[in-house]
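Each protein sequence line maps, in turn, to chains A and B.
Take the first sequence: its position 231, counted from the start at 1, is 231 in the numbering used here, and no numbers get skipped.
Take the second sequence: its position 56, counted from the start at 1, is 1056 in the numbering used here, and no numbers get skipped.
Note that these hints are calculated values from the structure, not bench results.
Note that the structure is predicted; figures quoted are calculated from it, not measured.
One or more of the hints may lead you astray.
Claimed, not checked - Below 16 angstroms or equal to it, Euclidean Cα-Cα: the simulated EDC-like pairs (lysine to aspartate or glutamate) are:
(1) A:Lys29 / B:Asp1231
(2) A:Lys2 / B:Glu1285
(3) A:Lys194 / A:Asp242
(4) A:Lys190 / A:Asp240
(5) A:Lys31 / B:Glu1252
(6) B:Lys1108 / B:Glu1285
(7) A:Lys261 / A:Asp242
(8) A:Lys190 / A:Glu213
(9) A:Lys2 / B:Glu1287
(10) A:Lys29 / B:Glu1252
(11) A:Lys31 / B:Asp1231
(12) A:Lys261 / A:Glu209
(13) A:Lys261 / A:Glu213
(14) A:Lys261 / A:Asp240
(15) A:Lys190 / A:Glu209
Claimed, not checked - Facing chain A, a subset of chain B residues (Cβ under 10 angstroms, in silico):
(16) Tyr1192
(17) Ala1214
(18) Leu1227
(19) Pro1230
(20) Phe1237
(21) Leu1243
(22) Tyr1251
(23) Ser1259
(24) Leu1263
(25) Ile1269
(26) Phe1270
(27) Tyr1280
(28) Lys1282
C-beta atoms are modelled at their ideal positions from N, C-alpha and C, and glycine is treated no differently.
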Amino acid sequence: MKRSTILFTVSIFLLMLIPLAMYLAMYIKIKNGNYIDMDAKEAAGYKKENYEGTLSEIVLNGKYKILQLDFVEDTVNYIRLDTTAAKYISYKIENGVLAIQYDFNKDNAENKLISNEEGEYNTERVISVHAKSIFKKIEANGTNISLKIKTDEYFSGDLDFYLKDASWVTHTMSDDIHIDRSVMISVPHKINMKLFNTEINANFSFVKELNIEMRNSTILNKEYESYLVKDFDHMDLTLDEDSHYETDVHLLKKMSIHYIK
Amino acid sequence: MLLSNHVVENRQKYLLYTVGMFFLGLIVFLLIYSMENFHGRYYNPDTTSHDYVYMYSKFTEWETIQMVLYLIGLFLFGGIFASISFVNFSNTAESIFYMNKPASYLEKWLAEFLVRIFLFFIIYNIIFSILNIPFTFLVRAQEWHNIREAPLAGEYYYVSRILYAYLFTAGEHEIYWGICSGYFSVVGFFMYGAAWFNRFSFFKTLILAFVIGAIFAFYALVLDNILRLPDGWNYNFPFSASLYNDDGLKYEATFSTTSLLILLYSLLIFVPVVLMYCSYLKLKEKEI
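Make the full structure from the sequences, and use the hints.
Structure below.
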């Protein structure tokens, strides 16, 4: 047989070996117990009734440094935990450094987590998330966290922030999607915010009700474009003497301010 | 020297091929233009869907067509062009003349390789642009007309961009490397076929590809049916495996992204290189 024919045949044979090798690798992986126990998420407070469509909460219990999620379709099909760098993000680090809650959508290719490979955040703690998804709850708790979040989807429920010692936090709607009236029905109905030693820059337009409690914190509040006619119904602000709130929202119907010691 | 000699010798063949490619392309462009009514990208305020993919398409219809046509043309014409590599081996006199040329096999193969890969690529892009640019203007005119006829509430539309889809976005995506590798593989495979088969090499190479594809399909089917992971695990080839119980999904094992990427990139390099090398060996072993 000629050399070219041998090479060609051997190459095809090699290509055919690849799936077999991958199968073998998977076999060994499973036999060695190198897989994820999905019960861990239930022990961490995962509620089954929220499985369809909405992810309730994922807790990283110290066993896994980074929780990597991959969703197919609109519901949560499976959850992948990995100890290498995460591409998809929804996680909570032990001792409550950060918790982000998502309702993931189909295409999450843009979701990125900036961290070091170990999944433990250094003093910079810059976390940038671009999610084609919906946030229900954002918690940042730790020293000098910088959190930047951008969403492409909108929802009409409540959005809860709990921020402590966060240096700045932004939560912006996507700028590559044109925002118009149809979007307004699907923005947060109510935002609850608790801030401690935190400086944030946030947009609150469309929100009907806003409750903020601030201690030694600063908020710079910027309005959206003028074509967004939806106004604030009610804003309830509680702040101490070390806090600073700056706003140019002018369509507010009612605003309550409480100073606390 | 050999390269210019090669081009001069085959200029008639290449010219004929280029003209054929142009007119075939023209017919395809004309057909598509006459069958489609282009609207550009626009926002549809009536939709209740929250799927923004449909509300705002990333590309216009024409840009998508540009991209698809470009790739189909590249692979199809690239394959045909590669299948006329070397010489007409069915003609003994031509073959003897070609074999006896005072150049090594490597040089001969290299001349063919450069013509198939680079010269063809340049010619193809020129022809595609010659066809694409005027048609894009025609499509744009139609898009503007349609937008004016039916003003859109979203005020968020644009008309198709010239060359955009197939030229400027290519380098931004990982798929670019896949396309490069695919192009080299197709050319390499058809060059291999051209060196192997003396007559009707294009069709014979196509049949060979079909046979190999069928072998792979059959093999995959057999693997899928006979291989079982332990304890009821289900392999979602190639990325993950999962174990279901009565309450739903409970366990999952995955390959790391890094190892899969290494495998993918190895294949992207391995396949075209092997095919090219096979075509070289085949030429070297050629007997008249």
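Can you list which hints this structure breaks, lowest number first? Violated hints: 4, 12, 17, 25; rest satisfied.
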